Each structure stands twice: as structure tokens, then as C-alpha cells.
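Colleague: Chain residues, written in single-letter form:
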Amino acid sequence: MNLSRTARALLWAALAGGLGVVYVPLLIVLLNSVNADRTFGWPPPGFTMRWWAAAWESGGVRDALVTSLQAAVGATAIALLLGTMAAFAVQRYSFFGRESVSLLIVLPIALPGIVTGIALNNAFRTVLEPFGVSLGLFTVIVGHATFCVVTVFNNVLARLRRLGASIEEASADLGADTFTTFRLVTFPMMRSALLAGGLLAFALSFDEIIVTTFTAGAGVRTLPIWIFENLFRPNQAPVVNVVAAALIILSVVPIYVAQRISGVEATTH
Amino acid sequence: MFWFMPDQEAAVRLIGLRKSFGPVEAVSGIDLEIADGEFFAMLGPSGSGKTTVLRMIAGFESPTAGMVELGGVDVTRLAPFERDVNTVFQDYALFPHMSVLDNVEYGLRVKKVPRSERRERALAALGSVRLDGFERRRPSQLSGGQRQRVALARALVNRPRVLLLDEPLGALDLKLREEMQVELKSIQREVGITFLFVTHDQEEALTMSDRVAVFDQGRIEQVGTPAEVYERPATPFVASFVGTSNLISGDAAHAVLGKGGTYSVRPEKLRLSDLDAAVGADEHSATGTVAEVVYAGPATRFVVDLDVGGRLVALQQNLQVSSMEVTELRGSRVRLVWNRRHEFAIAS
Chain L
116 MNLSRTARAL LWAALAGGLG VVYVPLLIVL LNSVNADRTF GWPPPGFTMR WWAAAWESGG
176 VRDALVTSLQ AAVGATAIAL LLGTMAAFAV QRYSFFGRES VSLLIVLPIA LPGIVTGIAL
236 NNAFRTVLEP FGVSLGLFTV IVGHATFCVV TVFNNVLARL RRLGASIEEA SADLGADTFT
296 TFRLVTFPMM RSALLAGGLL AFALSFDEII VTTFTAGAGV RTLPIWIFEN LFRPNQAPVV
356 NVVAAALIIL SVVPIYVAQR ISGVEATTH
Chain Z
17 MFWFMPDQEA AVRLIGLRKS FGPVEAVSGI DLEIADGEFF AMLGPSGSGK TTVLRMIAGF
77 ESPTAGMVEL GGVDVTRLAP FERDVNTVFQ DYALFPHMSV LDNVEYGLRV KKVPRSERRE
137 RALAALGSVR LDGFERRRPS QLSGGQRQRV ALARALVNRP RVLLLDEPLG ALDLKLREEM
197 QVELKSIQRE VGITFLFVTH DQEEALTMSD RVAVFDQGRI EQVGTPAEVY ERPATPFVAS
257 FVGTSNLISG DAAHAVLGKG GTYSVRPEKL RLSDLDAAVG ADEHSATGTV AEVVYAGPAT
317 RFVVDLDVGG RLVALQQNLQ VSSMEVTELR GSRVRLVWNR RHEFAIAS
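In the order they appear, the protein sequences are chains L and Z. So in our numbering, the last one in the first sequence is 384, and the numbering has no gaps at all. So in our numbering, the last one in the second sequence is 364, and the numbering has no gaps at all.
Note that these hints are calculated values from the structure, not bench results. What you are looking at is a predicted structure, and each value in this text was computed from that prediction instead of being measured. Be aware that a few hints might be false.
Stated by the list, open to error - With a Cα cut of at most 20 Å, we get these calculated SDA-like pairs of lysine to any residue:
1) Z:128 x L:137
2) Z:191 x Z:223
3) Z:127 x L:298
Just need the whole structure built from these sequences, with the hints factored in.
Modeller: Below, the structure is given as C-alpha cells:
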């Protein structure tokens with residue numbers, strides 16, 4: 116399409132403005148994490164790795180990081196297992212209520228986190244507590260899994276749709292039994308979809324705070340919760356900033372990798 | 017057991033084969049025998065059950081009733097990977113994550129054929145479909161015709177008892193399709209494997225196969241050589257599906273032929289003549305008005321409304337005429353003449 120010079124300039128300005136609103140604050144967080152001034156004076160008087168060292172030394176931050184990783188790994192594992200199975204069921208078999216099941220799986224990602232959080236909190240406390248299971252890491256993992264399943268489900272479903280069933284039939288036709296077909300054809304074709312879905316699930320879980328607040332017990336503190344708790348303590352501000360910077364990097368990398376995988380796949384098939 | 021001669025068995029035998037999908041009966045009782053080494057076509061419109069029959073022979077669908085025998089052995093209950101047949105799929109179904117060579121080797125690999133032997137056989141198979149030098153490519157880097165030939169090599173390398181082809185040329189453009197028709201035929205002659213192929217294209221079925229089964233609504237209407245099916249259609253459906261239907265029936269049959277029933281004459285057997293043209297003793301004729309003239313390069317189709325009712329299509333070669341001249345014939349009065357031995361009674 117041919118655009119006039121002015122229109123072109125205006126569109127570029129709109130793009131720059133839109134992206135700027137999102138990314139400039141993130142950039143400031145990253146810069147302030149190496150700002151020598153404790154109160155984030157601007158321009159920064161000097162460069163320092165002090166806050167990064169302090170964050171690394173802090174027991175609270177380390178514990179929170181480990182908890183976050185555990186929660187994210189657990190939720191991703193559940194999502195991979197359930198999401199893949201659900202996608203195969205919905206794509207390969209027709210059964211009563213298939214469309215509804217599909218909708219019910221996707222819905223949690225659209226539900227307000229606060230609603231999911233309250234609902235899970237009530238459910239866990241009324242159902243699990245009588246059995247002696249209290250809120251903790253396990254309930255956080257289950258809570259995160261409810262919406263992480265969607266990312267795996269969607270990725271695998273899209274892949275299955277594109278593949279069709281005929282290459283598995285071709286494999287059987289050429290003499291491969293069901294297991295061999297899965298090993299040599301189905302799984303290799305699924306691999307990148309699983310990786311992309313899994314990375315997205317990991318990223319979703321890693322920076323989740325609302326559902327976590329309602330499903331984590333008193334002792335469980337993920338990284339986002341730690342930030343939230345320390346946000347308003349002035350002497351912790353530089354360390355909070357470092358943790359936020361680390362979170363940005365840790366969340367962006369998996370998303371970027373997932374995007375790359377889907378992008379490469381889309382152009383080669 | 018000296019009397020046991022497996023080579024004399026039919027390559028494929030279908031006995032009372034039926035398949036229902038819920039309340040819909042896709043295949044309603046098929047009996048068919050296909051001889052060893054035959055090039056056999058299953059021809060019919062979409063939804064006539066021919067592909068379902070093919071899938072039951074391959075083992076992708078299990079019949080509701082009836083039996084599938086391969087080389088005299090009942091395989092009805094066997095899984096696809098336990099049957100000595102291979103399929104060329106309509107969409108080729110090549111494995112996109114494997115090279116061309118790995119695709120062709122796949123069947124040998126899962127049957128644990130030693131690496132060096134399978135490499136040798138796969139390269140030979142690629143050579144036989146004229147794809148030498150393509151073994152490192154990915155399927156996505158090939159054209160439609162090349163993919164089709166990879167699918168063929170991937171199936172043939174296993175030397176199956178029967179090769180099943182599901183609309184093998186459907187996705188190719190006309191030029192390539194004509195080339196592949198000739199090529200498929202010569203490959204079949206070389207390897208000597210029974211080819212069973214499904215098509216809705218009557219020309220494809222007639223040019224390539226030794227015998228044709230015409231399918232309609234889950235049943236076989238007629239089995240015969242291409243010439244039999246074309247020249248002597250057994251039912252009105254076959255007459256209309258294979259070639260242009262030119263039926264004379266009812267009052268028209270009484271008036272023109274002097275007898276009742278339904279008769280078929282192929283368009284190229286009709287001669288377009290003047291009203292007062294002489295009609296031989298062994299010939300029949302009917303007068304009418306040219307309703308439509310369709311010029312098609314080497315020949316022209318004349319649609320003629322008969323005075324006694326009904327409509328016949330006559331195909332005339334453009335030996336001396338041009339498109340200008342033939343189109344001027346629209347609306348003119350003509351007499352259609354044909355030899356009596358070209359009219360065939362059809363059971364309705």
C-alpha cells in the first residue's frame with residue numbers, strides 16, 4: 116500500500132509512542148537496578164552492582180526464587196500432561212460435549228484472576244483442609260496449572276489440526292505399530308509445539324501474583340509476592356528493583372524462545 | 017500340500033463388504049476379485065463408497081460386515097501395519113520432519129531391514145520414479161508432482177502385494193496429470209505389483225486401468241474392461257457417469273428404434289447429417305434441431321433436441337471445419353445417424 120509521507124510519519128510516531136509506553140518503564144527498572152543512588156536519583160550518579168549483590172545475598176529473595184521456580188516447573192509439568200491429552204481428545208475423537216470441554220479448558224485464561232483466586236481459596240479450604248492439607252506450594256501449583264493448561268492445549272491443538280491424521284495412518288501403513296508411530300512421527304511433530312506451550316506456561320506461572328496470593332499459605336512466598344510485600348519499605352527499594360529486573364529478563368527469554376520456535380515452524384511447514 | 021498354489025489366489029478378494037457410519041451406510045455389500053498384477057480402478061462420484069472400500073483394504077476402517085482377503089488370507093481383523101499393502105495417500109502424507117530419503121526408507125526401517133540394504137533399495141526406488149539427487153531435500157522443498165513420486169517410491173520400496181492409490185493424481189494440474197498417468201502405468205508394468213486405485217475421473221480410469229469397477233451409492237454398478245464399461249454400460253448410472261449419457265427411452269425409443277426400453281449411444285458414434293441424408297439398412301436415425309454448439313478444439317459437441325422428444329449429444333471431429341462454421345449450425349435442422357450395433361439396451 117502506498118502511503119503519503121505524512122501518514123507514514125504519523126504511523127511511525129504512533130508505533131513508537133505505543134511501544135514506548137510499554138518498554139520505557141521496563142528500561143528504567145533495568146537502569147535503576149544499577150543506579151548508584153539509593154533513592155534512584157536521575158540522572159544516575161554512577162554504576163553499581165551493589166544492589167544485585169545485596170539481592171543475591173538476601174535469604175528472602177533466594178527462597179522466593181526457589182519457590183517460584185518450583186511452582187512454575189510443577190504447573191508446567193501438569194499443563195504439559197493435561198493440555199496434551201485434552202488436545203488429542205478434542206482433535207482426534209468426537210464425543211458428546213466436545214465443544215463444551217474445549218471451551219471449559221480455554222475459559223480459565225479469560226477469567227479474572229481474582230475470581231479464580233477466591234474460588235480456589237474457598238474450595239481448597241473447605242475440601243482439602245479437613246484432610247489435613249493446608250494451603251502451600253502444592254495449592255499454588257494447582258492454581259497456576261488451571262490457566263497454564265490452556266497454553267499447551269492451544270499449541271498442541273493447532274499443531275494437530277495442521278498435521279491431520281493421515282501421516283500417522285501413513286506410518287501405520289508402512290508397518291509401524293502404534294508405539295513406533297508415536298516415537299518416530301507423532302512426538303517429533305509435536306515437540307516444538309510442546310516446547311512453545313511449555314515455555315509460555317512457565318512464563319505465565321513465574322510472574323503470577325493474584326491467584327498465588329489466594330492459594331499460597333502463610334509460609335509460601337513466590338518472587339512476585341516477595342516484591343509486593345517489600346515494595347513499600349524504602350530501604351528495600353533498590354533490592355526490589357533488582358528482583359523486578361531479574362523477573363523481566365526471566366519472563367522475556369522463554370516468551371522470546373517460544374515465539375521463535377512457533378515462527379520457524381510456521382515458515383518451514 | 018501340492019494343490020496349494022498361492023499365486024493363483026486373487027490379490028484382493030472382497031466378500032459381502034459393508035460399512036456403516038452411524039445411520040449412514042457408506043458401503044452396502046461389495047463382492048470383488050482383483051487378480052494378481054492387475055491395474056484396477058474403482059471409479060465413482062464422491063460419496064459413492066470407493067474410498068471407504070480402499071480404507072478397509074488398507075485397514076484404516078474395519079468393516080461392519082464382510083471379509084477382506086489378501087492373497088487368499090483373511091486380513092479383516094488385522095491392523096494396517098500387519099497387512100502386506102501400502103498406500104499412496106491423496107495428500108501424499110509425507111513426513112515433513114524427514115528428508116526424502118528417510119521418508120522412502122521408513123517402511124524398511126520399522127521392519128528392521130539392515131541400514132545398507134535399505135539405503136540401497138530406497139535409492140533404487142527414488143531412481144525408478146526419476147528423483148535421483150533429491151534424497152537430502154525436505155518434502156516442503158518439492159513440487160506437487162515430485163511429492164507425489166516420493167509417496168509412490170515410499171510405498172513401492174516395500175514391495176507390497178497390493179499398492180493402493182487414493183486419488184493419486186487429484187492434486188496435480190492437467191499437464192502433470194497426463195504425464196503421471198503414462199508414468200504410473202509404465203511403473204506398474206515394470207514392478208508387476210497389483211495397483212488398486214480410486215478416482216472420480218472417468219478418463220483417468222479408462223486410460224490407465226486393465227479393469228474398472230464403477231461405484232454408486234455404496235454399490236458396484238458394473239465391473240469390466242474400460243472398453244466394456246464405456247461401450248456397453250450396464251446401467252443408466254454407468255452410461256451417464258462414464259462418458260456423456262445419450263439415452264433414448266420411452267416414446268422416443270418406440271418412434272426411432274421401433275422397440276421399448278432404454279438404449280444408450282455414445283456421442284462419437286452419432287453422425288451429423290442433412291435431413292434428407294440416406295440411411296443404411298443397418299442404421300437408425302432421428303431428426304432434430306441443433307440446440308447448442310460447443311467448439312472444443314479438435315472436436316465439436318452438438319446438442320440436438322429430437323423431434324420425437326429427448327436430447328442427444330453428437331461429437332464430431334473438426335476435420336474440415338473451423339469454429340466459425342460450426343457455430344453457425346445452431347438452430348439448423350439435422351438428422352443424426354448411427355449404426356445399430358452401437359446402441360445398447362440398459363437395464364433400469
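Colleague: Look at each hint and say if it fits the structure.
Modeller: Okay, the hints, checked on the actual structure:
Proximity of residue 128 (chain Z) to residue 137 (chain L) is assessed by CA-CA distance (about 57 Å); at most 20 Å being required, the pair is judged violated. Taking the CA atoms of residue 191 (chain Z) and residue 223 (chain Z), the gap is near 15 Å; set against the 20 Å cutoff, the hint holds. Proximity of residue 127 (chain Z) to residue 298 (chain L) is assessed by CA-CA distance (about 15 Å); at most 20 Å being required, the pair is judged to hold.
Hint 1 from the earlier list is the only one contradicted by this structure; the remaining hints agree with it.
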